[in-house]
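Trainee: Read off the chains here:
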Amino acid sequence: MKIVGTFLDEISHDIPHQNWGREEWDCDFKAMHAMGIDTVVLIRSGHKRWMTYPSEVLAKRENGYMPPVDLVDMYLEFSEKYGMKFFLGTYDSGCYWHNGEYRKELDINKAVVEEVWKKYGHRKAFKGWYLTQEVGRAKLGIIDIYAEMGKFCKSISGGLPVLISPYIKGVKAVWAFSPEINAKDSIGVDTHSKEWNEILSGIQGAVDIMAFQDGHCDYHELADFMVVNKALATRYGMECWTNCESFDRDMPIKFLPIKWEKMLLKLKAAQKAGVERAITFEFSHFMSPNSAYLQAGGLFDRYCEYNNLPARAKDFRG
Amino acid sequence: MKIVGTFLDEISHDIPHQNWGREEWDCDFKAMHAMGIDTVVLIRSGHKRWMTYPSEVLAKRENGYMPPVDLVDMYLEFSEKYGMKFFLGTYDSGCYWHNGEYRKELDINKAVVEEVWKKYGHRKAFKGWYLTQEVGRAKLGIIDIYAEMGKFCKSISGGLPVLISPYIKGVKAVWAFSPEINAKDSIGVDTHSKEWNEILSGIQGAVDIMAFQDGHCDYHELADFMVVNKALATRYGMECWTNCESFDRDMPIKFLPIKWEKMLLKLKAAQKAGVERAITFEFSHFMSPNSAYLQAGGLFDRYCEYNNLPARAKDFRG
Amino acid sequence: MKIVGTFLDEISHDIPHQNWGREEWDCDFKAMHAMGIDTVVLIRSGHKRWMTYPSEVLAKRENGYMPPVDLVDMYLEFSEKYGMKFFLGTYDSGCYWHNGEYRKELDINKAVVEEVWKKYGHRKAFKGWYLTQEVGRAKLGIIDIYAEMGKFCKSISGGLPVLISPYIKGVKAVWAFSPEINAKDSIGVDTHSKEWNEILSGIQGAVDIMAFQDGHCDYHELADFMVVNKALATRYGMECWTNCESFDRDMPIKFLPIKWEKMLLKLKAAQKAGVERAITFEFSHFMSPNSAYLQAGGLFDRYCEYNNLPARAKDFRG
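Protein chains in written order, with this note's numbering: chain U, 382 to 699; chain C, 382 to 699; chain G, 382 to 699.
Simulated from the structure, these hints should not be mistaken for lab results.
Be a bit skeptical, because a hint or two may be false.
The calculated lysine-lysine pairs, modelled on DSBU-like cross-linking and capped at a C-alpha distance of 35 Å, are [what the hints assert, rightly or not]:
| no. | chain 1 | residue 1 | chain 2 | residue 2 |
| --- | --- | --- | --- | --- |
| 1 | C | 505 | C | 485 |
| 2 | C | 491 | G | 411 |
| 3 | U | 649 | G | 565 |
| 4 | G | 508 | U | 643 |
| 5 | G | 441 | C | 695 |
| 6 | U | 575 | U | 462 |
| 7 | U | 411 | C | 643 |
| 8 | U | 429 | C | 550 |
| 9 | C | 383 | C | 485 |
| 10 | U | 520 | C | 411 |
| 11 | C | 485 | U | 429 |
| 12 | G | 462 | U | 643 |
| 13 | G | 411 | U | 611 |
| 14 | C | 520 | G | 441 |
| 15 | C | 550 | U | 553 |
| 16 | U | 565 | C | 550 |
| 17 | G | 429 | U | 695 |
| 18 | C | 485 | G | 462 |
| 19 | C | 643 | U | 499 |
| 20 | U | 535 | U | 383 |
| 21 | U | 462 | C | 550 |
| 22 | U | 411 | G | 411 |
| 23 | U | 485 | C | 520 |
| 24 | G | 643 | U | 565 |
| 25 | U | 500 | C | 505 |
| 26 | C | 520 | G | 429 |
| 27 | C | 429 | C | 383 |
| 28 | U | 550 | C | 505 |
| 29 | U | 643 | G | 441 |
| 30 | U | 491 | U | 695 |
| 31 | C | 411 | C | 383 |
Label pairs and their computed distance ranges (CB to CB) [claimed, not checked]:
| no. | chain 1 | residue 1 | chain 2 | residue 2 | range |
| --- | --- | --- | --- | --- | --- |
| 32 | G | 500 | C | 599 | 30 to 38 Å |
| 33 | C | 572 | U | 559 | 24 to 32 Å |
| 34 | C | 556 | U | 402 | 52 to 60 Å |
| 35 | C | 565 | U | 419 | 25 to 33 Å |
| 36 | U | 402 | C | 437 | 33 to 41 Å |
| 37 | G | 559 | C | 566 | 16 to 24 Å |
| 38 | G | 618 | U | 601 | 43 to 51 Å |
| 39 | U | 417 | C | 599 | 40 to 48 Å |
| 40 | C | 562 | U | 500 | 47 to 55 Å |
Where is the CB? At the ideal position from N, CA and C, for every residue including glycine.
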């Protein structure tokens with residue numbers, strides 16, 4: 382099970398920024414490419430007032446801050462340069478859908494998608510959409526958000542594929558800002574299966590790819606959840622990928638790169654469950670030779686060694 | 382709005398030490414100089430039992446630990462070498478003024494200031510004082526501390542300028558050791574204005590420069606607070622600087638370097654409010670090419686690029 | 382007081398992994414050797430389901446995950462290469478002894494020790510045992526665990542020395558995953574002395590070396606605790622070492638390298654108390670030129686400078 386895609390964590394809300402410019406991002410796409418990554422997923426085009434591109438829509442309607450750089454343009458350019466597919470994440474208000482106002486979340490998101498498609502839809506690397514709202518259960522109007530946004534994105538773009546990356550509401554599903562690492566309100570495989578059957582039946586045809594995050598349950602539980610996910614995806618005509626998290630959820634520092642042994646266990650569980658592709662959250666902080674977290678370069682090397690890839694971290698450092 | 386000064390975070394109480402020796406500090410002053418920094422502010426000469434210089438006063442009266450290096454002497458030397466002004470921070474007991482005994486805080490501080498002036502007052506770079514006690518509101522005897530210490534420092538040193546750097550008791554004013562990032566006891570602009578009017582009227586003539594920390598309120602609120610601060614400073618005859626924090630208060634890891642976009646927003650707010658100068662807390666961990674946090678080198682580069690400075694982080698790394 | 386040993390933090394449960402391969406570990410042993418380290422202590426051979434070597438025992442009885450690398454074999458090889466003594470840590474279930482089932486902790490541990498001795502007992506560098514269960518007080522069946530495991534290890538190995546490294550239940554003894562840094566349930570020197578007298582009288586003859594962790598009380602309290610520890614060790618015929626922690630317990634980030642000044646204070650306290658040898662937890666994250674935490678290289682340099690050792694961090698970086 383190879384990792385063939387990565388999220389781009391802009392705008393991050395819980396992982397500190399590396400302050401990279403064009404040169405550093407170019408270098409990082411080069412390293413991704415050497416590791417076999419052919420797909421990059423911008424996790425969100427905006428978050429609260431923060432934007433990845435100069436959005437008139439978000440500036441006017443959400444009082445967004447005009448960004449100093451157009452990251453969408455830059456990521457598309459590097460995706461083209463390195464022959465990658467670019468998926469664009471939608472907007473996360475950080476409030477509406479948490480407060481029961483998911484219609485407002487939908488309204489602003491449609492305007493963002495229209496704007497984004499008008500600005501960047503012609504770009505060669507623009508190959509799909511990511512619905513940025515992440516959930517673990519059938520709550521917060523998520524069925525309507527996924528179904529309506531998925532259809533809207535597909536209709537505006539001539540049917541480009543739509544990706545979601547939910548999480549398992551497992552024993553490690555805690556708030557990133559909590560010092561805890563164990564969740565008190567986790568659910569087991571049965572409840573997970575029941576609720577995701579309900580969600581998937583409601584979003585069939587609107588979402589093409591489901592890539593569950595793989596870090597919220599214990600390692601030995603993962604295969605069971607993945608088997609359920611794969612079966613559900615098949616039932617509703619979706620591709621089933623895994624979002625193999627490259628950061629460690631078991632440590633007091635939230636978050637640093639994961640131990641290779643843990644990542645390998647998760648990739649093997651995905652393979653066993655018949656999952657089709659693996660992407661990761663995310664390369665640039667947690668697996669990259671260029672990461673400010675030097676443990677990431679070690680993870681890159683261990684991954685490449687294991688997969689007989691010639692790339693080594695030291696060859697990519699500036 | 383350029384950054385022309387930085388704190389030196391010795392003794393740190395919440396940011397891990399980099400274990401630099403003379404060579405590393407020399408290198409760091411060189412990088413500061415290249416970025417346009419002409420003023421360094423030693424945040425405190427002592428904290429609890431820890432000292433920046435071999436203080437007989439603190440050793441005897443506070444059972445202080447004799448330090449392995451005289452940092453005050455070394456910082457003065459490098460300030461002289463790079464043509465910078467050095468401001469010396471006073472002593473923070475970490476207890477007296479928090480426990481209602483601010484007279485004891487004053488007593489020990491006067492003895493420290495006398496000792497420090499006797500030891501280092503003749504040094505060419507010694508150009509001012511920093512009153513190290515930080516507050517957000519009119520509490521803890523702060524008016525007496527600032528007024529009395531400011532006058533004492535000025536009288537002993539022939540009128541060298543006195544700097545304070547309070548914080549806004551805003552929505553992000555939480556204890557550094559709390560996992561939270563949102564404060565429950567924040568105050569708005571009106572209360573802030575009222576209380577700081579009271580404080581400044583009580584310390585007029587004792588304090589020359591007020592440089593509020595800029596990280597405790599939301600980004601869009603900052604300009605409003607700064608306009609108030611500038612008006613108050615003008616009313617009471619003080620210079621109004623900003624202490625532009627170079628670390629990120631929005632993340633689970635407390636603390637790593639701030640995203641350049643956020644810093645830029647804050648500097649623009651300061652410019653808009655007519656603030657006179659910007660200093661930062663602090664260069665060596667959060668903006669330096671030499672920082673153990675490699676994101677800091679990125680911030681250095683983004684700052685220099687934006688300001689058309691030729692310096693780049695890679696040219697300063699050892 | 383020189384540092385002559387270090388723990389190897391595998392399997393870590395609270396310090397993120399560096400993802401090193403053979404080459405990096407070889408490089409790190411070389412740096413240890415240059416700093417004067419002659420003893421390495423594998424902190425545990427397994428933790429919960431994680432293993433340092435491919436253990437049939439743990440795989441079968443604890444559903445352990447087969448590891449991608451045999452770390453015990455590799456560490457023994459590098460210990461031999463650099464002329465070091467290797468101590469092997471026992472197994473920590475992470476559950477039985479915390480839940481009152483310390484007999485189960487003993488049973489699985491004896492099976493692990495038998496297996497380990499059969500696999501690696503003939504290796505030249507295998508020079509001792511470390512009993513991995515750490516306590517601060519006479520609780521959790523620790524007397525039986527130490528006494529019985531110590532005797533078992535010695536009997537199987539022809540009397541190889543047995544090491545323990547307890548902690549002081551002092552004012553900084555908090556759970557690593559707590560945001561707090563101050564403990565509410567600390568004990569003073571008298572209770573410490575009373576309880577450790579009870580423990581040591583119960584484990585006499587089973588344990589040869591006691592190396593208390595030195596980071597759980599305040600710096601000025603340390604010498605008093607150490608004098609007690611040294612006296613107790615002498616009374617019960619044990620060697621008294623110190624485990625000088627090289628990470629900083631006083632900071633919001635748990636954990637980064639300690640400030641050299643703090644480490645020096647602790648080493649001086651140990652010397653004053655007549656402690657015989659110092660080891661550290663641990664070199665590879667917190668004192669190593671190769672650490673992902675670059676502050677560690679600074680600590681290495683300050684330590685080497687102070688001790689007139691020619692080694693410098695820059696000479697060991699890859």
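Trainee: Please go over all the hints and tell whether each is borne out by the structure.
Mentor: Going down the list of hints, with the structure as the test:
Simply put, residue 505 of chain C and residue 485 of chain C have alpha-carbon atoms about 31 Å apart, close enough for the 35 Å limit, and the pair holds. Annotation: proposed proximity of residue 491 of chain C to residue 411 of chain G is violated, straight-line Cα distance about 50 Å (limit 35 Å). Proposed proximity of residue 649 of chain U and residue 565 of chain G is contradicted: the alpha carbons are some 44 Å apart, above 35 Å. The suggested pairing of residue 508 of chain G with residue 643 of chain U holds, with an alpha-carbon distance near 30 Å, which does not exceed 35 Å.
Of the pairs offered as hints, the one joining residue 441 of chain G and residue 695 of chain C is violated, with about 52 Å between alpha carbons and a cut-off of 35 Å exceeded. Among the hinted pairs, residue 575 of chain U with residue 462 of chain U is inconsistent with the structure: their alpha-carbon atoms are about 43 Å apart, more than 35 Å. Using a Cα cut-off of 35 Å, the hinted pair residue 411 of chain U and residue 643 of chain C holds, with the two alpha carbons roughly 27 Å apart. With a CA separation close to 22 Å, the supplied pair residue 429 of chain U and residue 550 of chain C stays within the 35 Å bound.
Taking the CA atoms of residue 383 of chain C and residue 485 of chain C, the gap is about 38 Å. The hint is violated against a cut of 35 Å. For a cut-off of 35 Å, the pair hint linking residue 520 of chain U to residue 411 of chain C is broken: about 55 Å separates their Cα positions. Note on residue 485 of chain C and residue 429 of chain U: the hinted pairing is violated, with a Cα-Cα distance of about 47 Å set against a maximum of 35 Å. Between the alpha carbons of residue 462 of chain G and residue 643 of chain U the distance comes to roughly 29 Å, so the proposed pair stays at or under 35 Å and holds.
Only pairs whose Cα atoms come within 35 Å are accepted, and residue 411 of chain G paired with residue 611 of chain U is rejected, the gap being roughly 48 Å. For the hint pairing residue 520 of chain C with residue 441 of chain G, the CA-to-CA distance comes to about 63 Å; that exceeds 35 Å, so the pair is violated. This hinted pair checks out: residue 550 of chain C and residue 553 of chain U have alpha carbons roughly 34 Å apart, not beyond 35 Å. A distance of roughly 33 Å separates the Cα atoms of residue 565 of chain U and residue 550 of chain C; the hinted pair therefore holds under the 35 Å criterion.
Among the hinted pairs, residue 429 of chain G with residue 695 of chain U is consistent with the structure: their alpha-carbon atoms are about 34 Å apart, no more than 35 Å. A C-alpha spacing of about 59 Å is found between residue 485 of chain C and residue 462 of chain G, which places the hinted pair above 35 Å, so the restraint is violated. Proposed proximity of residue 643 of chain C and residue 499 of chain U is supported: the alpha carbons are some 28 Å apart, at most 35 Å. Using a Cα cut-off of 35 Å, the hinted pair residue 535 of chain U and residue 383 of chain U holds, with the two alpha carbons roughly 28 Å apart.
For a cut-off of 35 Å, the pair hint linking residue 462 of chain U to residue 550 of chain C is broken: about 48 Å separates their Cα positions. Using a Cα cut-off of 35 Å, the hinted pair residue 411 of chain U and residue 411 of chain G holds, with the two alpha carbons roughly 33 Å apart. Note on residue 485 of chain U and residue 520 of chain C: the hinted pairing is violated, with a Cα-Cα distance of about 43 Å set against a maximum of 35 Å. Between residue 643 of chain G and residue 565 of chain U the alpha-carbon distance is near 38 Å, which puts this suggested pair outside the 35 Å criterion.
Taking the CA atoms of residue 500 of chain U and residue 505 of chain C, the gap is near 58 Å; set against the 35 Å cutoff, the hint is violated. For the hint linking residue 520 of chain C to residue 429 of chain G, the alpha-carbon distance of about 50 Å lies beyond 35 Å, and the restraint is violated. With a CA separation close to 34 Å, the supplied pair residue 429 of chain C and residue 383 of chain C stays within the 35 Å bound. With a C-alpha separation of about 62 Å, the suggested pair residue 550 of chain U and residue 505 of chain C falls outside the 35 Å cut-off, and the hint is violated.
Straight-line distance between C-alpha atoms of residue 643 of chain U and residue 441 of chain G comes to about 19 Å, which keeps the hinted pair within the 35 Å bound. With a C-alpha separation of about 43 Å, the suggested pair residue 491 of chain U and residue 695 of chain U falls outside the 35 Å cut-off, and the hint is violated. With a C-alpha separation of about 17 Å, the suggested pairing of residue 411 of chain C with residue 383 of chain C holds against the 35 Å cut-off. In this structure the supplied range 30 to 38 Å is violated for residue 500 of chain G paired with residue 599 of chain C, their Cβ-Cβ distance being about 59 Å.
Evaluation of the 24 to 32 Å hint for residue 572 of chain C and residue 559 of chain U yields a pass: the beta carbon distance comes to about 30 Å. Under the hint 52 to 60 Å, the C-beta atoms of residue 556 of chain C and residue 402 of chain U, about 34 Å apart, miss the expected range. The supplied range of 25 to 33 Å is broken by residue 565 of chain C and residue 419 of chain U, whose beta-carbon atoms lie about 47 Å from each other. As the Cβ distance of residue 402 of chain U to residue 437 of chain C is approximately 50 Å, the hint placing it in 33 to 41 Å is violated.
At roughly 22 Å, the beta carbons of residue 559 of chain G and residue 566 of chain C sit within the given window of 16 to 24 Å. As the Cβ distance of residue 618 of chain G to residue 601 of chain U is approximately 44 Å, the hint placing it in 43 to 51 Å holds. As the Cβ distance of residue 417 of chain U to residue 599 of chain C is approximately 41 Å, the hint placing it in 40 to 48 Å holds. A hinted range of 47 to 55 Å is violated for the C-beta pair residue 562 of chain C and residue 500 of chain U, which are about 33 Å apart.
Violated hints, listed in ascending order, are 2, 3, 5, 6, 9, 10, 11, 13, 14, 18, 21, 23, 24, 25, 26, 28, 30, 32, 34, 35, 36 and 40; each of the other numbered hints is respected by the structure.
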